[in-house]
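So the protein sequences, as listed, match chains G and E. If you're matching positions, the first sequence starts at 2 in my numbering and goes up one per residue. If you're matching positions, the second sequence starts at 27 in my numbering and goes up one per residue.
Among the hints, erroneous ones may be present.
Each computed SDA-like pair below joins lysine to any residue, with the alpha-carbon atoms no more than 25 Å apart [stated by the list, open to error]:
1. G:K286 <-> E:A44
2. G:K81 <-> E:R37
3. G:K81 <-> E:D36
4. G:K81 <-> E:A44
5. G:K81 <-> E:I52
6. G:K81 <-> G:E265
7. G:K286 <-> G:F300
Listing some non-contacts, in silico: residues in chain E with all C-beta distances to chain G over 12 Å [to be verified]:
8. D36
9. R37
10. H53
11. I72
12. D85
13. G97
Only some residues are given here: those of chain E computed to face chain G with a beta carbon under 7 Å [claimed, not checked]:
14. R100
15. V106
16. L110
Simulated from the structure, these hints should not be mistaken for lab results. The beta carbon of each residue, even a glycine, is placed where N, CA and C say it ideally should be.
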Amino acid sequence: MSVAPEHVAPSVTLGIGGVRIRFEAAESDLRMRVPFPQTRFVTSADAPADCVVRVRIGEPDPGPNPTFVSGGPWELYPGKNGGDRLAIFAAVGDGVREPVMQADLTPNLDRAELIVHSRYAPGRNFPVHYPLDELLMARLLARRGAVILHASAVSEEGPKGAGAYVFTGHSGAGKSTMVEIAERNGLRVLSDDRTVVAIENEAVFAAGTPWHGSYASGCPDRVPVRAIFLLEQSGADGAIAMSSDRAFSELMVRTVRPMAQRTEHVAVVDTLERVVGSARCAVLKFTPSDAVLDTVRYFAGTDC
Amino acid sequence: MTKTQYRRDDRHIYRHIAGEHLLIAIHREAVAPMFTFTPTAAALWIRLEDWSTRPGLTDYLVENFEVDREGADRDVGEFVEQLLSVGALQTLDGEG
């Protein structure tokens, strides 16, 4: 199936991990421009969106006193009517940065009013992509029993249906290597850098995201998880089951958490606690060769 | 005489998972993003939902655990200092 390099329309709905955000123009000549690979996550507008973002061009001015400074390109400010104000900044040189976007969010995140600087919407086409989409998605997913992990994920069909393997670890541990090994052996790549992990009725699912590393793609499929692996490169292949408390700690430090409210942080903790209680988790010691898949499947109890 | 009271803050979340008592900082850039408690410390953390003094916490340990007062007071002191060092406690100075 071919995927358009970009998608341009007055409104667009992105669906990631079961959450839908619709971006719509608040001005008649404004368009939403979705680049690849976000285009793979464009979904029908027929179903209701979890959050509707109304977009207009203007001068973002979040105010003087942030309530939270991320240390990255975004900050939080007091919003209107009990909600938050999310500001995204860009460097303009000499260590100076200025706000390029400002989103006023309702307390339950069902709506947002987004002001975008004209320089960030050339030709009056607003680019719908990172970091705004990830920042909103992470908070919405948290409220729905899901988290975004620094992890890669691949899936394959088996006698009992599709199943996913999730690979996490420190930078350079081999998340992308596992993706390469999996893909050349016919497995489907969900993501190579950020993966949604969700729990529903004590079943754990993984879903791809468009926020990628070198693989530069992603797949929107949502697949039951067979096992979660913490990668360690080694001279031999082997999987060692992890205790739930260790799995919780390892996943917690690798969770994307741009949360504003304590309830969202608590939701992330609750989700991870349930995930490690339901999913098989192991340390995967591996050599970068195709043979590691045998170890992965054996631990996961896969019949493939 | 000043009697300082302590209460746990809302920037940390406690969980008991697979037998381990974990304290998780909400913000990743916290001094200690995550650390483990002993069962006694976990009991003190739960107790710190309400304002408590060090003598009050010591009394609680003596009454509920097999520990002498000197040992309990030492444990409470170390635990309170540990929580203060990672910003997990609110303090309220009062006159005793």
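So which of the earlier hints does this model not fit? Structure breaks hints 4, 8, 9, 10, 14, 15, 16.
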